[in-house]
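2 protein chains.
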Amino acid sequence: MDLKAYLKEQCQRIDGALDLYLPKETELPYSLHKAMRYSVFAGGKRVRPILMLAACQAVGGDTARAIPAACAMEMIHTYSLIHDDLPAMDNDDFRRGNPTNHKVFGEAIAILAGDGLLTEAFKLISDPLFAKDTPAEARLAVIREIAVCAGSYGMVGGQVVDMESEGKEDIDLPTVQYIHTHKTGALIKAAVVAGAILGGAGERQLAAITRYGEAAGLAFQIADDILDIEGTTEEIGKDAGSDEARGKATYPAVMGLAAAKLEAQAMMDEAMRALEIFGAEADPLREIAQYIVQRKN
Amino acid sequence: MDLKAYLKEQCQRIDGALDLYLPKETELPYSLHKAMRYSVFAGGKRVRPILMLAACQAVGGDTARAIPAACAMEMIHTYSLIHDDLPAMDNDDFRRGNPTNHKVFGEAIAILAGDGLLTEAFKLISDPLFAKDTPAEARLAVIREIAVCAGSYGMVGGQVVDMESEGKEDIDLPTVQYIHTHKTGALIKAAVVAGAILGGAGERQLAAITRYGEAAGLAFQIADDILDIEGTTEEIGKDAGSDEARGKATYPAVMGLAAAKLEAQAMMDEAMRALEIFGAEADPLREIAQYIVQRKN
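Chains as they are written, first to last, in this note's numbering: chain D, 1 to 297; chain Y, 1 to 297.
Don't read these hints as lab results, they were simulated from the structure. In this text the structure is predicted, and so the values were computed from the model without any measurement. All clues stand as given, with none of them false.
Since the list can't tell identical chains apart, any single copy or any two copies may satisfy a pair.
Straight-line distance between alpha carbons at most 30 Å, and here's what the computed DSBU-like set of lysine-lysine pairs gives:
| # | residue 1 | residue 2 |
| --- | --- | --- |
| 1 | Lys24 | Lys248 |
| 2 | Lys168 | Lys24 |
| 3 | Lys34 | Lys168 |
| 4 | Lys261 | Lys248 |
| 5 | Lys103 | Lys248 |
Whole structure, please, built from the sequences with the hints as guidance.
Here's what the structure looks like:
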């Protein structure tokens, strides 16, 4: 398959749907809706929504059914970035080369834009307008999966432990594992599980996709840690080596660079094995995972 | 009916369920779950969840069905208070006589505790464990109603306009109406509409409950504005006259105190009229509304 063309096409579908679903800048309150849109359209690669569509396809589902939930997933990802960048959190002025939300709109609007995006995500999945013949039970299961993975037992919990570990000397491997599987891994897993549910997956398919999501999610984050060390500032769009400078808990920091690379590969192998029950319909899931782990930015 | 005994009993039901549903302080991340619980159990009167149960009862439903959504509503209300109190927003050090969340746990944890509570709310309503024979379609409709009313077209939108209006000289009535119907009114309306849906309301009942919620929600907020002027600091648990000192957009500020009192009464009358199609089963809704508008704190 032509992965580049596939990613471009799916990205365009997602962007078009996001533009349709998000409140317009011409609707009150203008400042809020402008801020919400600013960060959603600030150059994200739409990894999570594309993974959701790919998982839906892998189990033989109609990907059109997964578009609203895929957009909801991107809204949740975007809200988490807006809040993470706040002065009280990571205090970042730039993301993907653009000023962060609070630098443009101020802290108060940035907090509320994040809150608005998180709420909008659940509104979107529960909207009967976009149900597309998906059974109500499946939509509830998707809401549940996403809320568990985005909440205090998932992404939000991972961010807390990440923050509390920053600068500490004696971070151990279980802590880094907790941070990675929660802060980034959980939402990746939720994306593919939700895609499989919306695609009408059977039990065996769902278990395979879940294993894929867990392994790939961890592989992505270890690859990210490695990229922070090996990439150039130009390639990764932020200061190279910033994790180390900040005393961030990373795989290379606790086990060394070589072992971290082996671990990323082991996770990737596990993700590929999980997909063995599928045929060519899971090729997008396979190729996206390989691409993300080998990427240079 | 003995309103005091009724409120106490419902409050205990809600508090017991919240304690059951909320993540424990002994679960990772401890600091986050401690912060989430701190604000949920900081002396709230549980107005929104009790209204939800009362609306469920008014339409002849089993109130046990509405308990999870009622708790979800309180979590959303609590998250909004935590974020509103942040230094970047209203910068309040105390709420109901206790230090605000960020004063105890720091800004970062306060932001994340709010995020966690908002997410937990949607997890709770979509949890099959607590479905209690409620049809999936009804639970989806409740999620949708709450998300619309809590999001950028509802509560979050109201907070933005409230903040942007603070200290401005020329605030007009439509702006104050927008703030009140969105910032507080929307969640009150969502509470009773959700209760009615979970109680299995027919179309006519749902329309009546919606009208009640809109009118009562506005009456509550005007009463709050009046209380800020007429109450003592001791009675209302915050500095009396603080709205005026801050240049807040309120009904008394734009139309004078006497006219604001008439407007609150007119809204209350409308709320009572909306309930005329119900018998004694709507007495809790009637009495709660009267009580809240006449309260001294």
